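Start from the sequences and build out the full structure, keeping to the hints where you can.
Going down the list, the sequences are from chains F and C.
Per my numbering, residue -13 is the first one in the first sequence, and the count goes up by one each step.
Per my numbering, residue -13 is the first one in the second sequence, and the count goes up by one each step.
Note that these hints are calculated values from the structure, not bench results.
All figures in this text were calculated on a predicted structure; none of them were measured in a lab.
Every residue, glycine too, gets a C-beta built ideally from N, C-alpha and C.
Treat each hint with caution, since some may be false.
Stated by the list, open to error - With a straight-line Cα cutoff of 20 Å, these simulated SDA-like cross-link-like pairs (lysine to any residue) come out: (1) C/Lys89 <-> C/Glu133; (2) F/Lys220 <-> C/Lys220; (3) F/Lys244 <-> C/Glu207; (4) F/Lys288 <-> C/Gly204; (5) C/Lys164 <-> C/Thr15; (6) F/Lys244 <-> C/Val209; (7) F/Lys220 <-> C/Thr211; (8) C/Lys316 <-> C/Asp377; (9) C/Lys225 <-> F/Leu261.
Claimed, not checked - Part of the chain F face toward chain C, derived, beta carbon under 10 Å: (10) Thr211; (11) Arg226; (12) Gln252; (13) Leu261; (14) Glu287; (15) Arg291.
Protein chains: 2
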Amino acid sequence: MGEKWVLMKTAQTPTNIAVIKYWGKRDETLILPVNDSISVTLDPAHLCTTTTVAVSPAFQQDRMWLNGKEMSLSGGRYQNCLREIRKRAREVEDKERGIKIEKKDWEKLHLHIASYNNFPTAAGLASSAAGFACLVFALAKLMNVSEDESQLSAIARQGSGSACRSLFGGFVKWIMGKEDDGSDSLAVQLVDEKHWEDLFIIIAVVSSRQKETSSTSGMRESVETSSLLQHRAKEVVPKRTIQMEEAIQYRDFASFAKLACADSNQFHAVCLDTLPPIFYMNDTSHRQVLVYICWIISYVEKWNRSEGTPQVAYTFDAGPNAVLIARDRKAAAQLIQRLLFYFPPKSDTDLDSYLLGDKTILKDAGLEGLEDVKALSPPPENGSAQKYPGDVSYFICTRPGKGPILLSNDKLALLDPETGLPK
Amino acid sequence: MGEKWVLMKTAQTPTNIAVIKYWGKRDETLILPVNDSISVTLDPAHLCTTTTVAVSPAFQQDRMWLNGKEMSLSGGRYQNCLREIRKRAREVEDKERGIKIEKKDWEKLHLHIASYNNFPTAAGLASSAAGFACLVFALAKLMNVSEDESQLSAIARQGSGSACRSLFGGFVKWIMGKEDDGSDSLAVQLVDEKHWEDLFIIIAVVSSRQKETSSTSGMRESVETSSLLQHRAKEVVPKRTIQMEEAIQYRDFASFAKLACADSNQFHAVCLDTLPPIFYMNDTSHRQVLVYICWIISYVEKWNRSEGTPQVAYTFDAGPNAVLIARDRKAAAQLIQRLLFYFPPKSDTDLDSYLLGDKTILKDAGLEGLEDVKALSPPPENGSAQKYPGDVSYFICTRPGKGPILLSNDKLALLDPETGLPK
Chain F
-13 MGEKWVLMKT
-3 AQTPTNIAVI
7 KYWGKRDETL
17 ILPVNDSISV
27 TLDPAHLCTT
37 TTVAVSPAFQ
47 QDRMWLNGKE
57 MSLSGGRYQN
67 CLREIRKRAR
77 EVEDKERGIK
87 IEKKDWEKLH
97 LHIASYNNFP
107 TAAGLASSAA
117 GFACLVFALA
127 KLMNVSEDES
137 QLSAIARQGS
147 GSACRSLFGG
157 FVKWIMGKED
167 DGSDSLAVQL
177 VDEKHWEDLF
187 IIIAVVSSRQ
197 KETSSTSGMR
207 ESVETSSLLQ
217 HRAKEVVPKR
227 TIQMEEAIQY
237 RDFASFAKLA
247 CADSNQFHAV
257 CLDTLPPIFY
267 MNDTSHRQVL
277 VYICWIISYV
287 EKWNRSEGTP
297 QVAYTFDAGP
307 NAVLIARDRK
317 AAAQLIQRLL
327 FYFPPKSDTD
337 LDSYLLGDKT
347 ILKDAGLEGL
357 EDVKALSPPP
367 ENGSAQKYPG
377 DVSYFICTRP
387 GKGPILLSND
397 KLALLDPETG
407 LPK
Chain C
-13 MGEKWVLMKT
-3 AQTPTNIAVI
7 KYWGKRDETL
17 ILPVNDSISV
27 TLDPAHLCTT
37 TTVAVSPAFQ
47 QDRMWLNGKE
57 MSLSGGRYQN
67 CLREIRKRAR
77 EVEDKERGIK
87 IEKKDWEKLH
97 LHIASYNNFP
107 TAAGLASSAA
117 GFACLVFALA
127 KLMNVSEDES
137 QLSAIARQGS
147 GSACRSLFGG
157 FVKWIMGKED
167 DGSDSLAVQL
177 VDEKHWEDLF
187 IIIAVVSSRQ
197 KETSSTSGMR
207 ESVETSSLLQ
217 HRAKEVVPKR
227 TIQMEEAIQY
237 RDFASFAKLA
247 CADSNQFHAV
257 CLDTLPPIFY
267 MNDTSHRQVL
277 VYICWIISYV
287 EKWNRSEGTP
297 QVAYTFDAGP
307 NAVLIARDRK
317 AAAQLIQRLL
327 FYFPPKSDTD
337 LDSYLLGDKT
347 ILKDAGLEGL
357 EDVKALSPPP
367 ENGSAQKYPG
377 DVSYFICTRP
387 GKGPILLSND
397 KLALLDPETG
407 LPK
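The following block contains the structure:
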């Protein structure tokens, strides 16, 4: 010890979208939920957090940079994660470089953390879920922690509840647990990302800068004032979770879509049953957002009815971005045709920057450029051909994706291997 | 019998607004609800139905005219009301005119019915409630029925559920009842219209022609698909009803407002929890209505918080008209200032046709004409001064009102006393 070496690990972690929603805590400090939840992990190629963690005897204090900007680690949620992971740190030896860290040394050593999202942090795409999952996963690797992903998820959970579900790929269940200490409130993988490869996930990111009702305060108010929340948690979700697990197991899209849409709506119903009701935005500059949400819901319901069996499921978190899950590539191509018909880009936006992620779907939809978008016919199932250019900022097309991975290529590290500072 | 005489009665019946909502039937034919509900009766001077019923041996069949236009009586709901009231008909004698109808004659005699609403029928202002209550009340008088208002309410209920609450003035409770035959599902008066005279009720009727999700089908879908509805009916409403009765008894406006707003929001939450969710409008021409509802709710919540104690309660039925209940004349004057600031009339509308009902409130608000409306300052409690001219079609200012009355002035009859046809 005493030398100037820097030891680093870099990890990449996906974000996730709940299809059975988490809303309401039974313990705010430990972040213990009032019900189980189920999510699908999104392909990290399109939405992920990359985090480099470094340790060095030269570091004077714990420091963190998010998207290149230093930020405070003093918050309780960061402190809880750091404390819990340090407790589990073990001996680390790099014989080649002659570095050895004893278990007891970890208490004294400081950390540098750099994190980067490949998607807009403010856009309400579960950046804190991917972020805390990546922090905990990377630190576990750096510190040679022996706990498995489920056990790590119980630590990430203390940073941000939904983060625990980002420790796995595919479909993931956050088991609420029963213990007061939260030790059994953790995530398990239901199926991996290969199990249901047909699915396509299209996210419509709306133009409005999201003005979040903080989830933490929103949940607290719902727990305190909504008489429907406890019923949902105790009676509805337990049954729905079992049904959703079955739908996922058997790739039963009709059941999956019905349950996901119903649960998204019920979560919003609980928000409306909160005093005062939570609308996700309450100033007039966000007027169009709520209308847009209702439009999407009504439209998907109408389209699904016209097809006889659901083609698309919708789900909304505590923000206006619509997450649409299509049953297969064909349905996704039809969906993107419909979305681009009703929500075309503004005239100064090209298609390449309007549909991010998996762009192969554009070819299936016969959309090679803006000319093709303009030539789209109104969908037969809807009477109205009114368009809303500019209402959507951009779309992201993605798939169910894999869980956290360690990046061995040092070039992808966000911290300088010599100084331990952001590159 | 055999002569050409016509015997008539004319009645006037108020409409009512639920402050604990009725949503969901346990029996669709008898119209038996899944929970109790409580309403306030609105002053019939501003909103009422007038109905003239006539009987004559010359009438060939039962006929009805609504607002001057003949309509069919073949619907089950009309038939149920007519059958039930005929069962209870008794001997009627008009010695002066030498008319005598035996109890058994009523089965053979036909009726003419003319009904008129002093407010727009399509505007979603509970016209069917006032209408069926008035029909049953007028027929009961014509047929010398001995049943009291509560017993009559159980008949009106079979025409339209909420009609049973229009048989009384003041605050009224519809007791859901337990019997399979519906005999104990009826309305009782909690307090009369003199009990809480401070209240002012301002209804904002929106421009959009209401496109109703039929309440009947909406309720049915909620009962079948909403997992929150049964919980609301069995667990929430029973407690809330007791609290609301107390709030009314003690004129406790803070509790009254909290309960009324919470129950309106919960009713809408159940609609959102229905599959597919009920939004009250689902085409794009009604875009602004939902936004407007959220605006009103957010605004009232904000204002109430800024005042420290609630000044105004809001409640919405299955339509976009906001019903705002102000604690007293002062709060009503402040409310009307705010409403007219944010929702001014279009330039071609004069104030007299923009605020209907009790116009004395305009003087309290210092609003003698459109010039005064234009000169209004933005309310201090709200940051935004954005106005929405044209969003509201008109306002109605009213009060808690009295129950049904018989009109003895023959000039007010809607049927010609000689022919029994509409005047």
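Each hint, compared with the structure:
For a cut-off of 20 Å, the pair hint linking C/Lys89 to C/Glu133 stands: about 15 Å separates their Cα positions. For the given pair, F/Lys220 sits about 15 Å from C/Lys220 by alpha-carbon distance, which is consistent with the 20 Å threshold. Annotation: proposed proximity of F/Lys244 to C/Glu207 holds, straight-line Cα distance about 15 Å (limit 20 Å). Simply put, F/Lys288 and C/Gly204 have alpha-carbon atoms about 16 Å apart, close enough for the 20 Å limit, and the pair holds.
About 15 Å separates the Cα atoms of C/Lys164 and C/Thr15, which keeps this hinted pair within 20 Å; it holds. Using a Cα cut-off of 20 Å, the hinted pair F/Lys244 and C/Val209 holds, with the two alpha carbons roughly 17 Å apart. With a CA separation close to 18 Å, the supplied pair F/Lys220 and C/Thr211 stays within the 20 Å bound. A hinted pair counts as satisfied when its Cα atoms are at most 20 Å apart, and C/Lys316 with C/Asp377 does not qualify at roughly 25 Å.
For the suggested pair C/Lys225 and F/Leu261, the alpha carbons sit about 17 Å apart, so the restraint of at most 20 Å is met. Interface hint status for F/Thr211: upheld, as the beta-carbon distance to the closest one in chain C is roughly 8 Å, under 10 Å. Restraint check, F/Arg226 versus chain C: the minimum CB separation of about 8 Å is within 10 Å; hint holds. Checking F/Gln252 against chain C: minimum C-beta separation of about 5 Å stays under 10 Å; hint holds.
Among the interface hints, the one on F/Leu261 holds; its C-beta lies about 6 Å from the nearest C-beta in chain C, closer than the 10 Å criterion. For F/Glu287, the interface hint holds, the least distance from its beta-carbon to any beta-carbon of chain C being 4 Å, beneath 10 Å. The beta carbon of F/Arg291 comes within 8 Å of a beta carbon in chain C, closer than 10 Å, and the hint placing it at the interface holds.
When the structure is compared with the earlier hints, a violation turns up for hint 8 alone.
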